[in-house]
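Using the hints provided, position chain B relative to the given structure of chain A.
Here is what each chain is made of, one letter per residue.
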Amino acid sequence: GQNIDQPTEMTATEGAIVQINCTYQTSGFNGLFWYQQHAGEAPTFLSYNVLDGLEEKGRFSSFLSRSKGYSYLLLKELQMKDSASYLCAVSSDSWGKLQFGAGTQVVVTP
Amino acid sequence: DTEVTQTPKHLVMGMTNKKSLKCEQHMGHRAMYWYKQKAKKPPELMFVYSYEKLSINESVPSRFSPECPNSSLLNLHLHALQPEDSALYLCASSFRGEQYFGPGTRLTVT
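Heads up: the sequence lines are chains A and B, in that order.
Position in the first sequence (first residue = 1) + 82 = this note's numbering.
Position in the second sequence (first residue = 1) + 466 = this note's numbering.
One should not assume that every hint holds.
Coverage of chain B stretches by chain A, computed from C-beta distances (three or more under 8 Å per stretch; other residues unrestricted) [what the hints assert, rightly or not]:
# : stretch
1 : 499–509
2 : 530–539
3 : 559–566
In case anyone wonders, no lab produced these hints; they're calculated from the structure.
Only a predicted model underlies this, so the values are computations on that prediction, with no experimental measurement involved.
Glycine is no exception: its CB is placed at the ideal position from the N, C-alpha and C atoms.
For reference, chain A alone in the conformation it holds in the complex:
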């Protein structure tokens, strides 16, 4: 079957680092996405990994290991505005069909 797992909630202090893990088992793999979604808003694209390794974009980094079916999103120097849901999604075919994990709610405290 198809499965994408990520923790339900994580809490961290402003200025700290948080790592959100995502494990997946899908019938195909054409890339892994991370999105940020604030309550009541649409998902915002953060990263897209196709090859193994670490991709860094400012305060956000994303890592992928295809052999382990594993990815993580690293958020550094946390700010209050980073409080949001973070969605891990896998594209399992060439049409770009995305399957989403349930999302990880990150709460940043002062």
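Frame of chain A; chain B shown alone:
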């Protein structure tokens, strides 16, 4: 520029009404998508259009009818909806795998 626009932002309709949601992108993306998102759940794929042709229909009820008039526009025609169809409807487009969402239309069916 990674902008996908959607209109209207909010829509309230009765179960006997006919309405349409509109999505537009001018990034030259050839794949476009409709997703449905209920509160506190991840987005669920409804339809995929590739090069203006319907590629995937995720067994969506016929009261939802997609249309792709040209490479920049995607419509979702709604007819005889049920209260449980109330949700955030998201349009997305993609290029080289990277998939970007529009702001969504919040639909309420009364």
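Results of checking the hints against the structure:
1. 499–509: The restraint on the stretch 499–509 of chain B holds, since 4 of its residues have a Cβ under 8 Å from chain A and three suffice.
2. 530–539: Violated: only 0 residues of the stretch 530–539 of chain B have a Cβ under 8 Å from chain A.
3. 559–566: holds (count 5)
Hint violations for this structure: number 2 only, all remaining hints satisfied.
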